[in-house]
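K.L.:
Read in order, the letters of the sequence shown are residues 38 to 227 in my numbering.
These aren't lab readings, by the way, just hints derived from the structure by calculation.
One thing to keep in mind: the hints can contain errors.
Across the chosen pairs, the derived CB separations fall in these ranges [what the hints assert, rightly or not]:
id	residue 1	residue 2	range
1	TYR59	GLU211	33 to 39 Å
2	THR112	GLN148	27 to 33 Å
3	ASP132	ARG87	34 to 40 Å
4	THR55	GLY121	28 to 34 Å
5	ALA116	THR200	42 to 48 Å
6	ARG198	GLN148	21 to 27 Å
Just so you know, these numbers come straight off a predicted model, no measurement behind them.
Even glycine gets a Cβ: it sits at the ideal position worked out from N, Cα and C.
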Amino acid sequence: MSQLRPAIVLLILLTLLTGAVYPLLTTGLAQWWFPSQANGSLIEQDGVVRGSDQIGQAFSQPGHFWGRPSATGDTPYNALASSGSNLAASNPALDKAVAERVAALRAANPQAPAAVPVELVTASASGLDPDISPEAALWQAPRIAAARNMAVKDVEALIARNTERPLLPFIGEETVNVLRLNMALDALQG
Numbered sequence: 038m039s040q041l042r043p044a045i046v047l048l049i050l051l052t053l054l055t056g057a058v059y060p061l062l063t064t065g066l067a068q069w070w071f072p073s074q075a076n077g078s079l080i081e082q083d084g085v086v087r088g089s090d091q092i093g094q095a096f097s098q099p100g101h102f103w104g105r106p107s108a109t110g111d112t113p114y115n116a117l118a119s120s121g122s123n124l125a126a127s128n129p130a131l132d133k134a135v136a137e138r139v140a141a142l143r144a145a146n147p148q149a150p151a152a153v154p155v156e157l158v159t160a161s162a163s164g165l166d167p168d169i170s171p172e173a174a175l176w177q178a179p180r181i182a183a184a185r186n187m188a189v190k191d192v193e194a195l196i197a198r199n200t201e202r203p204l205l206p207f208i209g210e211e212t213v214n215v216l217r218l219n220m221a222l223d224a225l226q227g
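Make the full structure from the sequences, and use the hints.
P.N.:
Laid out in structure tokens, this is it:
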């Protein structure tokens, strides 16, 4: 009995510290230091949330840029089902899926070079990747220009303006957020 009271007091104290004080402290600091990230990195336009900087969206219209394929089950870019396809590089199902995606992309964009960027036909490990490389965006420029009656050079200039560069070149690669690029494209066309 002499050990029961200190054990209960310690249990209550640690429960309060780890179950209430620590989560409240970290949440408060996150809201103070990184409010955008703590609230989901949401992208707003005219007071309406259009999406998140961190989760891709499924664009399929000819006049919009397309992101990486998503392997999150029945619903693309479903954050609750984040996962890759789990298909090995030697799996014939992966080869078939990639071949179908390449054929569909070439059919939708016949003016583009024959070599389709690999990220446009393979899903990321999470299935939620919101970014593509500038090269993948440039590959899509002829399709976008034709669908929107724009000059290809204007689409390429828009891609250049929306390319995010790493702070230091050896830390990361240049990327283009597909949602932000499509929002800029829509704003450009009114």
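K.L.:
Taking the hints in turn, state whether each one holds.
P.N.:
The hints, checked one at a time:
1. TYR59 with GLU211: 33 to 39 Å: holds, 38 Å
2. THR112 with GLN148: 27 to 33 Å: holds, 31 Å
3. ASP132 with ARG87: 34 to 40 Å: holds, 35 Å
4. THR55 with GLY121: 28 to 34 Å: For THR55 and GLY121 the Cβ distance comes to about 33 Å; the hint holds.
5. ALA116 with THR200: 42 to 48 Å: Roughly 25 Å apart at Cβ, these two residues miss the hinted range, so it is violated.
6. ARG198 with GLN148: 21 to 27 Å: Check passed, 22 Å falls within 21 to 27 Å.
This entry does not satisfy hint 5, going by the numbered hints stated previously; all others are met.
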